[in-house]
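**Q** Take a look at the letters that make up each chain.
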Amino acid sequence: DQQVKQNSPSLSVQEGRISILNCDYTNSMFDYFLWYKKYPAEGPTFLISISSIKDKNEDGRFTVFLNKSAKHLSLHIVPSQPGDSAVYFCAAVDSDKLIFGTGTRLQVFP
Amino acid sequence: DVKVTQSSRYLVKRTGEKVFLECVQDMDHENMFWYRQDPGLGLRLIYFSYDVKMKEKGDIPEGYSVSREKKERFSLILESASTNQTSMYLCASSSSDRYSDFGEGSWLTVV
Numbered sequence: 057d058q059q060v061k062q063n064s065p066s067l068s069v070q071e072g073r074i075s076i077l078n079c080d081y082t083n084s085m086f087d088y089f090l091w092y093k094k095y096p097a098e099g100p101t102f103l104i105s106i107s108s109i110k111d112k113n114e115d116g117r118f119t120v121f122l123n124k125s126a127k128h129l130s131l132h133i134v135p136s137q138p139g140d141s142a143v144y145f146c147a148a149v150d151s152d153k154l155i156f157g158t159g160t161r162l163q164v165f166p
Numbered sequence: 481d482v483k484v485t486q487s488s489r490y491l492v493k494r495t496g497e498k499v500f501l502e503c504v505q506d507m508d509h510e511n512m513f514w515y516r517q518d519p520g521l522g523l524r525l526i527y528f529s530y531d532v533k534m535k536e537k538g539d540i541p542e543g544y545s546v547s548r549e550k551k552e553r554f555s556l557i558l559e560s561a562s563t564n565q566t567s568m569y570l571c572a573s574s575s576s577d578r579y580s581d582f583g584e585g586s587w588l589t590v591v
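Those protein sequences? They're chains A and B, same order as listed.
Each residue of the first sequence is one higher than the one before, starting from 57 at the first, in the numbering used here.
Each residue of the second sequence is one higher than the one before, starting from 481 at the first, in the numbering used here.
Here chain A stands alone, though its shape is the one from the complex (with noise of 0.2 Å):
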């Protein structure tokens, strides 16, 4: 079963536009969850975090934010840019370990 689900394999926006990728787990007792940026052929990049004691956090032109009623989490790209374009990974910490999502594909156009 998977844990951390990311739904939408894919994504495409426009230049200076916002992007909103989502993200669903199903364990309530995650309390961390994390957002990772991967290229093609590298490894991923930790982005930005978030703590089950908040509902949201920014860093620059990232925003994540976290409903745990609905135990969904979004990250939010603002202005969104082409070097945004990558693989993005949530995942949530359990017991030092990630459980990650599937990914979704972000493609910013111009």
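No wet-lab data here; the hints were simulated from the structure.
Here the structure is a predicted model, which means the values were calculated and not measured.
Built from N, CA and C at the ideal position, the CB exists for glycine as well.
Treat the hints with care, since some could be wrong.
[Claimed, not checked] Which residues of chain B face chain A? A partial, calculated answer using Cβ under 8 Å:
1. 508
2. 511
3. 521
4. 522
5. 523
6. 541
7. 544
8. 557
9. 570
10. 579
11. 580
[Stated by the list, open to error] Calculated cross-link-like contacts (lysine to any residue; reagent style SDA-like; alpha-carbon spacing at most 20 Å):
12. A:153 x B:564
13. A:61 x B:540
14. B:483 x A:152
15. B:537 x B:506
16. A:61 x B:483
17. A:153 x B:538
18. B:537 x A:59
19. B:483 x A:97
20. A:61 x B:584
21. B:483 x A:59
22. A:93 x B:584
23. B:537 x A:57
24. A:153 x B:563
25. A:93 x B:567
Chain B: place on chain A using the hints.
**A** Frame of chain A; chain B shown alone:
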């Protein structure tokens, strides 16, 4: 900056060969992990280790083993490579910072 180094970026091996994938981290992290990434399946945890000589099975350990003789080094071993082990393999390390740093990945093709 944390550096996680995977010794081989691209490998081609024959079915039945023994394959070693090496990973070294330079930040004295306690935890190390091996994942594989496949299209549509995300990153799946193969094995992990919380300390030297300790290992724990992840979600897909079948066909793999690991070795951690030194804190900075975590090796993934495919005892007898098969074509369904063709994949991108990612090593990661972490400490109490609560996020993992990843290596560049190793692309393994088994023919």
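**Q** Hint by hint, say whether it matches the structure.
**A** Verification of the hints:
1. 508: Because about 15 Å separates residue 508 (chain B) from the closest Cβ in chain A, which is outside the 8 Å limit, the hint is violated.
2. 511: holds, 5 Å
3. 521: With a minimum Cβ separation of about 6 Å from chain A (threshold 8 Å), the hint on residue 521 (chain B) holds.
4. 522: holds, 4 Å
5. 523: holds, 4 Å
6. 541: violated, 13 Å
7. 544: violated, 16 Å
8. 557: violated, 20 Å
9. 570: holds, 6 Å
10. 579: At 5 Å from the nearest chain A Cβ, residue 579 (chain B) passes the 8 Å test, so the hint holds.
11. 580: holds, 6 Å
12. A:153 x B:564: violated, 24 Å
13. A:61 x B:540: Holds, at roughly 18 Å.
14. B:483 x A:152: holds, 19 Å
15. B:537 x B:506: violated, 24 Å
16. A:61 x B:483: The hint is violated at about 29 Å.
17. A:153 x B:538: OK: residue 153 (chain A) and residue 538 (chain B) at ~9 Å, within 20 Å.
18. B:537 x A:59: holds, 17 Å
19. B:483 x A:97: Holds. Residue 483 (chain B) to residue 97 (chain A) sits at ~17 Å (cutoff 20 Å).
20. A:61 x B:584: violated, 24 Å
21. B:483 x A:59: violated, 29 Å
22. A:93 x B:584: With Cα atoms ~13 Å apart, residue 93 (chain A) and residue 584 (chain B) stay inside 20 Å; holds.
23. B:537 x A:57: Given pair residue 537 (chain B), residue 57 (chain A) holds - Cα atoms ~17 Å apart, limit 20 Å.
24. A:153 x B:563: violated, 27 Å
25. A:93 x B:567: holds, 19 Å
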